[in-house]
Amino acid sequence: MDATAKLKDLAVSDTGFVFDPYSGSTFSANEAGMKILEGLKQGLSRAEIVFALEEHFEVRGDDLARDLDEFVLLLRRNQLVPADFSLS
Amino acid sequence: MTRPVYERPILIRHQSGMMNKFSRVQAMRPLTHIDGVSVDELVATYGSPLFAFSEKTLVSKFRELRDAFTQRYPRVRIAWSYKTNYLDGICRVFHREGAYAEVVSEFELDKALHLGVPAEQVHFNGPYKPESALEKALPGGTTIHIDHFDELALAEEVAARHGIRPEVAIRLNLSAEAVPAWSRFGFNLESGQALDAVKRLVGGDRLELKGLHCHIGTFILDEGPYREAAAKISRFANELRERFDITLSFVDLGGGFASPNTLKGQYLPGDQVAPSFSRYAEGIVEGLSELDYSPQEMPTLVLETGRALVDEAGYLIASVHANKRLADGRRAVVLDAGVNSLFTSFWYNHEIVPAQEFRGVPEPTVIYGPLCMNIDVVRDTMLFPQLKVGERVVFRNVGAYNVTQWMQFITYRPSVVLIGPDGRHGLLRRPEQLQSIISHEEMPEWL
Chain A
118 MDATAKLKDL
128 AVSDTGFVFD
138 PYSGSTFSAN
148 EAGMKILEGL
158 KQGLSRAEIV
168 FALEEHFEVR
178 GDDLARDLDE
188 FVLLLRRNQL
198 VPADFSLS
Chain B
5 MTRPVYERPI
15 LIRHQSGMMN
25 KFSRVQAMRP
35 LTHIDGVSVD
45 ELVATYGSPL
55 FAFSEKTLVS
65 KFRELRDAFT
75 QRYPRVRIAW
85 SYKTNYLDGI
95 CRVFHREGAY
105 AEVVSEFELD
115 KALHLGVPAE
125 QVHFNGPYKP
135 ESALEKALPG
145 GTTIHIDHFD
155 ELALAEEVAA
165 RHGIRPEVAI
175 RLNLSAEAVP
185 AWSRFGFNLE
195 SGQALDAVKR
205 LVGGDRLELK
215 GLHCHIGTFI
225 LDEGPYREAA
235 AKISRFANEL
245 RERFDITLSF
255 VDLGGGFASP
265 NTLKGQYLPG
275 DQVAPSFSRY
285 AEGIVEGLSE
295 LDYSPQEMPT
305 LVLETGRALV
315 DEAGYLIASV
325 HANKRLADGR
335 RAVVLDAGVN
345 SLFTSFWYNH
355 EIVPAQEFRG
365 VPEPTVIYGP
375 LCMNIDVVRD
385 TMLFPQLKVG
395 ERVVFRNVGA
405 YNVTQWMQFI
415 TYRPSVVLIG
425 PDGRHGLLRR
435 PEQLQSIISH
445 EEMPEWL
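Here the protein sequences line up with chains A and B, keeping their order. For the first sequence, position 62 (counting from the first letter as 1) is numbered 179 according to the numbering used here, and the numbering increases by one without interruption. For the second sequence, position 32 (counting from the first letter as 1) is numbered 36 according to the numbering used here, and the numbering increases by one without interruption.
Hints are computed from structural coordinates only; laboratory data are not their basis. One or more of the hints may lead you astray.
[Unchecked claim] Computed list of lysine to any residue pairs in SDA-like fashion (alpha-carbon distance at most 25 Å, straight line):
{"no.": "1", "chain 1": "B", "residue 1": "Lys-328", "chain 2": "A", "residue 2": "Asp-126"}
{"no.": "2", "chain 1": "B", "residue 1": "Lys-328", "chain 2": "A", "residue 2": "Phe-174"}
{"no.": "3", "chain 1": "B", "residue 1": "Lys-328", "chain 2": "A", "residue 2": "Ala-122"}
{"no.": "4", "chain 1": "A", "residue 1": "Lys-125", "chain 2": "B", "residue 2": "Val-357"}
{"no.": "5", "chain 1": "A", "residue 1": "Lys-158", "chain 2": "B", "residue 2": "Tyr-10"}
{"no.": "6", "chain 1": "B", "residue 1": "Lys-328", "chain 2": "A", "residue 2": "Ala-169"}
{"no.": "7", "chain 1": "A", "residue 1": "Lys-125", "chain 2": "B", "residue 2": "Gly-333"}
{"no.": "8", "chain 1": "A", "residue 1": "Lys-125", "chain 2": "B", "residue 2": "Ala-157"}
{"no.": "9", "chain 1": "B", "residue 1": "Lys-328", "chain 2": "B", "residue 2": "Val-357"}
{"no.": "10", "chain 1": "B", "residue 1": "Lys-392", "chain 2": "A", "residue 2": "Glu-175"}
{"no.": "11", "chain 1": "A", "residue 1": "Lys-152", "chain 2": "B", "residue 2": "Val-357"}
{"no.": "12", "chain 1": "A", "residue 1": "Lys-158", "chain 2": "B", "residue 2": "Val-357"}
{"no.": "13", "chain 1": "A", "residue 1": "Lys-123", "chain 2": "B", "residue 2": "Val-357"}
{"no.": "14", "chain 1": "A", "residue 1": "Lys-152", "chain 2": "B", "residue 2": "Gln-19"}
Please read all numbers here as calculations on a predicted model, not as lab measurements.
Chain B extracted, bound-state conformation (with noise of 0.2 Å):
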């Protein structure tokens, strides 16, 4: 007779009102493979712990988003929030589906260019924008988003030197419904700041005003709060015909679309209540409706979605290192893959699955990552089956800000890999090394 397989044994008691009808225990699925590649194959190939990106789901998302909004608005710009992922590899994908590129340092100008990207196809907002900035920037066509006057006045400057007019955007803050002004940005509208910047900007006669731009905030999980942006934008637009004669050229709404991620402290999955990409455009294109502009006037809408587009397409795979039980019960798991690599932990409860077949009852687990640091946590207590020492398990919804976020603490950071459409792989980073550490520092002579 076959004996049963071991299990290791476990004990869990019973809880009333801990269970309810959103349960994901029974859904807990492995994933095994990302398009078609086993992660046996992947971390074969490239170790563990590793992040992997899959082109696929980067190209339809962004068509996704694309088709949600010219469907209901002529003119639509996509502009890729490098901050959100600026590896080269991931923003040539997008910048090969029609994406322009939206920066928000030096640094991430001087990447975009590098990459091929004309800077006449570059926004560029932050609140420092230094004068090398500047002079990278205007001369070039790049779009400043102004934030402060005395921005303002730097670029009317940089402007002057060149003998050159550029055209620019002013960023707005504003409060839309419930969600509060990020009033550290740009100047306020409601309060009549940001008129006082056209008038200032319109009488130094230096820059040409092409653009309004407001972002209301950050995984905003309704577009009640887009559509009075919007609204209160076209307002403005309308306003500033009116008084000055500027017929707008675009108008961009920003980024702050959710994504399927579960933020610590919210009750419901993340997939369950982040809104599709018509819920927001239905929002957006509604509030623009107040744009007093005729159809061959509309400014074109420009989108800087970053987390949306890209989080789907990310992965984390990473290994069981040693299994414990803590104090109080609970089973406590420890990754190769921490805090240092995975930052989205501090504000996620991330989706965490086994990449193998597994069996037994879930049972209250810890995930830890590598670090000697308490705050290395990368899951707290969640219901998570039994893995034996050098079983992996994969991180979804990981693509928006962790290889631009992630730390060099401890440890190395991992290879980062693009899985093609035709189910080919290859590095987009390779993994660090200590050399990749030791060749920043330098020895003063007198040590």
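Bound-form chain A, shown alone (with noise of 0.2 Å):
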């Protein structure tokens, strides 16, 4: 299985109610959680998922590549990714 197959199975509803089928969690995450899965789902790199949220969103001084990094760090503990997941 590759690194972001599980991912690609997760259903993220509209209003960001996230279900994991293979062990019946869920989840909320917020929309900039929701636009990050997207990329990851679709299979984007680090920097077309920073690109992707400042196109998005507006951005006053945040730290994207430093929030996307936690919000890998919160997949992989909650094992959605594997434990060596990291973005290219």
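Need the complex rebuilt from these two chains, each delivered in its own frame; the hints are there to steer you.
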């Protein structure tokens, strides 16, 4: 299974309700989290996801790359990606 | 089209069994102003972090306590508990309302006298009253509450030396309902030790027994133990009158009333379980009804309330210094105020709210202080909204024990300000600087 295969099967509703069909776990994501999940499902790179966030949101001095890395840490923590997963 | 404002991405796992009907997340509101003064203005004037006190709340809590008891009992005296907060400005607010002083050390006695409190309006508690303290207290007319036999003998010596007959109280310890006796203070009632102390005092014929004092404990969340303590003291007072013809002028039920804070390990939020002053008053006055005194002779009821008077008036304003993500997935916030300033974070799960409007979904967050010490956790995991570096938070109900028990440790202690009823604000205590610390240090000549 490729590193993002599980992510591709995640069900994400328009309101940020996230369902993992492998474990049955459910999560809440905010809009930025949903945007990142969308990018990961499409197989986007780190830079492409950061660009997508910049395009979609009004950003005021935030460190998007750092926030993205922290979000990936949460995905690893919740076993939605393999423990050795990192963005290219 | 307007783009949505970016908020840091979050992903929160749903956990069963974690929600309850007392959840406060929906109720969290920013606290942008304290008594009409903006937090921004306070920080711009005094810096961050800082403690701010509301004079309006100090006064209203004092009057609420006084009224709750005077509606039920004819003679009530409130003696402000100095150890809870002995900043001069705070004490003055209470003394202007008519409070006596309750002190537990020579230092606190000095502070009260320096502030202009008449010596005879001071109740002096505590197990350590050295000769120098008694030399100050007894000739001045301060009422000491005798803690042990050695103190009784020393007080007699001082009285004899000055040719005076001071009015004193003895401190009792007793068990009341489920609250075990604080046996380290005073004379035990149930074992007969308290009666022995009175016999010894009467036999010495140097001191005038005018009061009985008892402090059953701290943060008592039920009026029941007070009812029982008051009843036991009343029966003891009746016995003293019968056996020794002693008519007391006061009975002192000490302090221990809870504030709206939530103790660590307490399931329900503190503001839902802390009894009102009226409930405490009902219990105490019901217990005192066992006094076999005529209405004209009824002794003054003395209360040494501290925490429940001042906690709600105090706020700690702090700023976000950093955000980070911990390995276990929780968010962490580093503030510029830690346990060195907020000593009570060792006892309570403090209520913390943002000081500006906030958006987004709250997530599990640990709130750290600035100290390079693992213990510096001012609030363990709580659901908290995202804040940016430089934004502010306000800790509520921090008026008691912090600006007395805080530590000069690793960094300086911050400013303390008072907000007046008309919106004026001013310093109660200047922030520490390097000179504040090193002015007490010496360098041995061989270094």
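- Hints violated by the structure (listed by number, smallest first): 1, 3, 4, 8, 11, 12 and 13
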